[in-house]
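Student: Spelled out from the first residue to the last, the chains are:
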Amino acid sequence: MRQDLFEQRFGAEWQEFDEWLQVQLGAKPRGDRTYIPHREIPARFRNLARHLALARDRHYGAQLVNRLEALVLGGHQAIYGAQVSESNALFAFIMRTFPQLVREHWQSVLVASICLLGSMAGIIIAIQFFPDFAYVLVSQDQLAQVQQMYDPSNPRIGARQADSDVMMLGHYIWNNVRIGFQCFAGGILFCVGSLFFLLYNGIVLGAMAGHITQVGHVETFWGFVAGHSALELFGIVLAGAAGLQMGYALIAPGRLKRVDALKAAIPDAIRILYGASAMIFLAAFIEAFWSSSRIPPVEVKYAVGIGFWVLMAIYFVFVGRTKLSKPALQVPMSATAPTPSPTPVRPS
Amino acid sequence: MTSPAPETASRHSLPASAFNTNLLTMLDTPRVVPTPEGIELTIKVAGPIARARAWIIDFLIRAVVYMTIGPALAAMGKFGMGLFLIMLFLLEWGYPIFFEMFWKGATPGKRVCHLRVLHDNGTPVGWRASFTRNTIRAADFLPFGYGFGLVAMLMNRDFKRLGDMAAGTVVIYVDQETKAKPKVDAAAQSVAPESVPSLSMVEQRAVIDYVSRLKRWSDDRQIELAMHAGIVLNRETGRDAVDRLVALAGHYTGRVGMPGSSNAANGTNSNNGNNGNNGTNSIPVHSGSPTTNIAPGNR
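Residue numbers (this note's numbering), protein chains in the order written: chain A, 1 to 348; chain B, 1 to 299.
FYI, nobody ran anything at the bench for these hints, they're computed from the structure. A portion of the hints provided could be inaccurate.
[Unchecked claim] Chain B is nowhere near these chain A residues, computed Cβ spacing over 12 Å in every case:
#  : residue
1  : Pro-29
2  : Phe-133
3  : Leu-282
4  : Ser-293
5  : Arg-294
6  : Tyr-302
7  : Val-304
8  : Phe-308
9  : Tyr-315
10 : Val-319
[Stated by the list, open to error] Straight-line distance between alpha carbons at most 25 Å, and here's what the computed DSS-like set of lysine-lysine pairs gives:
#  : chain 1 : residue 1 : chain 2 : residue 2
11 : A       : Lys-263   : B       : Lys-44
12 : B       : Lys-104   : A       : Lys-28
13 : B       : Lys-44    : B       : Lys-104
The beta-carbon is built from N, C-alpha and C at its ideal position, and this holds for glycine as well.
Just chain B, with the same shape it has in the complex (with noise of 0.2 Å):
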């Protein structure tokens, strides 16, 4: 999800307040799950599609194994028919189970796709909703082709098809941005304490998820986008644009050296050595999204 350019907020002269509700208003599919201790997670929930694709891998990956050790299951003749049905049997229904359960949550066509399965409380799924969740798919399937699944998940806020319904699932995208390190040269772009603008955690975010996302636009369309962040630029144009905002990128992520002073007034960050993503890279769930400043008592 792109966030909207802080050129928003500087030529309309929007109030904070306004600039954030536009995001929600937005056709994107982040979901805030409450917690018992007053903190919001988000998650991105994914579409039909996304699983899809996810589904046409499984089954081309089950189409494999089942073209390569056919063949040789053949070779037994009668038992190895008997064997065949039985590895059938395992890999329809117990396939996808299977990799919920030990391979957190996301089978081999849904890793690559970087969607994975959760409780709709954000909690890793257990073996009762695996299970729930792929017997009814047996009613998803129906009339062809996923039909009523399709249904389902078209008329559900979350994308739930049927399953997910009854085992309380939800399959969400896993966060990739936070993964994302913006390369920084230090030497070359290390930004003058005080021309670091003053954003808010939203601005702050909208430069890293840019910076985030460089590689893949053309050098054009860096230019392009760099050019609406008037507020940030000391009218800087074209390529250095682009270079001022990775320096301030750095900046904010920490990643490039800085004197230590801190200000303040706006909360820069000061020098941590602990990036915050290490670590934890195994927590899939998105909780970077500027949509949670939304909650009430976090402005």
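One chain only, chain A, in its complex shape (with noise of 0.2 Å):
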């Protein structure tokens, strides 16, 4: 056929897929025109597709082949790029997805937990018994501007002289939310990298806490970190879990290669890091505002506090768990009927 005649035949066409192109691409839909109804469209690209190849292997001239091509990209990017947005999509990562991926993953968050957690619990009783133990892992000057951070004459708790709360509050959004990054981060480095980090920051926590309690300024640092801890240690933990898991698929990746491991792995890795983030945020907010006043007694803020620690362990142990009781009709089962799985669809 000949060029004029394909264009002929086929321009009408076209022009109408570009015109849907563009409202896609955001241009105001014109009211009187009636646009491609969504189920014709991806029959309408295979055929653009089609004569593309057709125009290309006749060798039509470069104008038509470029618009084809622009119409065909365009299609490409409108119909595999288009983002499906879920409505409820919060209220089910929070309810369901992520209790169950840090339920699924147990393993590296169990690591994390020995490396961050465990390292600091170890640290700080160590220092009960060898108090210069501190001064082995962290500088004097630190430790001198944190003990009289701590100390009970301070008019705010855990804070210099004339710091204000929302100074805090950035500080606090800064620092922490970077370890939790940094946590994550590192995991990509074959593991090596989380692994530090959490080991670091347990340690130097670990020895600023041993040595604040061992000094004897027990009510105030404990009173302030009771409330924000359960957020922010157990937000950095999944952090490095999430690492770990990127690590982990590094290090074994099974039957695939390397990198398709770490895609694989990427998916759950991001939401358990989505939830930490925002678990450590929220810790930040808690310890600007709540921790550091002195306004409650020091037994309210320890009950608030292992109220924390004790809604987070119901929250990931018990929630999003589906209900694995038997169905309440028995229907007798054929041959050819399919069972119905009892585990949810993850929503993506």
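Hints are included, so try docking the two chains, each in its own frame, into the full complex.
Tutor: Shown next as structure tokens:
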């Protein structure tokens, strides 16, 4: 077929597709026009691709091929690049996806917990018996500053003399979320980075906590950390766990190439990181406005702190479990009837 | 990427297939993205230097923001310091994510350098990919100055750093050539239909590319390059050769009015009012490269 006949025959189709594409890219739809209904788009797009292949094969002119290529590209990006937004995605994430993922990847969560919490606890206990051990781990100036921050005579706990709440909020957001992201990102270095950052932060936090406890500012310090400790520490643990998942995919990719194994591990790891970031962020607010306040008595602070830990445990252990009970009606199984699967389909 | 001049084909009498193969063995960065419809898209991946340039520009933009807003916030005392730290956090982590999602996959620095972030299947970048590549940036930055990221880019065929590998994204050059419109003076330079040579797609594209880049070169260089196109010139020399190529390019892209006879043998353009670039200029993926002709099924 000659080129001009080809263009005559199919030109109207291409023009319609171009108009549809413009609307997808954000042009205002003109009220009187009827655009291609969505269910016809796949067939139209395949036709367009076929026309482009024909035009190339028959060596039609560059202008025509350019035009068709532009339409095919636009169609490819509009169709395959469409973002599907799910209503209630946030609710489903909080109530189902996030706790399920944490339970599913419990091994990495356990390893990250040991690295962060275990090292912290170990060092706190060690410093009670060997007070000078703190000076091995952290510099003297830093310990002195931290000790002064938690001095009972300090009007605002956990802060330097003239700091304000909002400033501490900014500092906590900047500092703690960065630590979480570092623990996550380090995982891509075959887990080494994640392990390093988790252990490092555990050691430093343990040294400072142990030193302050040993010096005697027990109520100020533990009253301060009680409120936000659950969210912050476990948030960093989860970020590190996500990093360890990435690293483990690189270390033991199974039957896939390492890059493909990494890409397969990313969706779960990133969802855990979303949740962890939210937890650390929330902890920063609690730390800035609740923990540093001297108004509540320390017993209330302890109670709130323990309450947060218990709530968190309940959340991650019980929330999002499907009901695995037997169905109300016992339907006799036939050979061909498929059994419905009890596990829910995770929203992507 | 410059297509090799048609002079190669005429002087050495290479068959067309050999001519096309040479393009793939050149040191260049087009990558072929297959689509389910059987069409292959071509994207040009961007290397570390271009990306470093874009990053520096972004860094300077952020520095300017800090330096302008910083003193204003400092005047607000400790409250202002807190706001400054929050802004620091948002700009360090949220700036790239925000622009990649809401500004068609390019931060201002990338936009200035004509770069864009896409998934490696050619689709625009999504939330998860953007979040992934920008949080793993913390690992790419180690040990200092994007050391690990640079090593990863140099070891990877698509110049992907660690964040790109995990997220399945790639940074590409936005195609400039399809936006360049060769200027043609219609009255002075229309091409007589019988004098239009029968060129393959690759050769037509080479002529169009030449004309679209004319402004970059000095006059002498223009003439020097035009003299290589022996196959299309009717013994013109010097400035006439350049004008002849400009007229031909105008003919191939349909910008010059032409009497409507079309030659079935060589498939020349008929007069189309609609230029292929109209309306879809926002698509950055370069599809016009001659390398697409080499894909199986497309000769």
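Student: Check each numbered hint against the structure and report the violated ones by number, ascending.
Tutor: Hint check: nothing fails, all pass.
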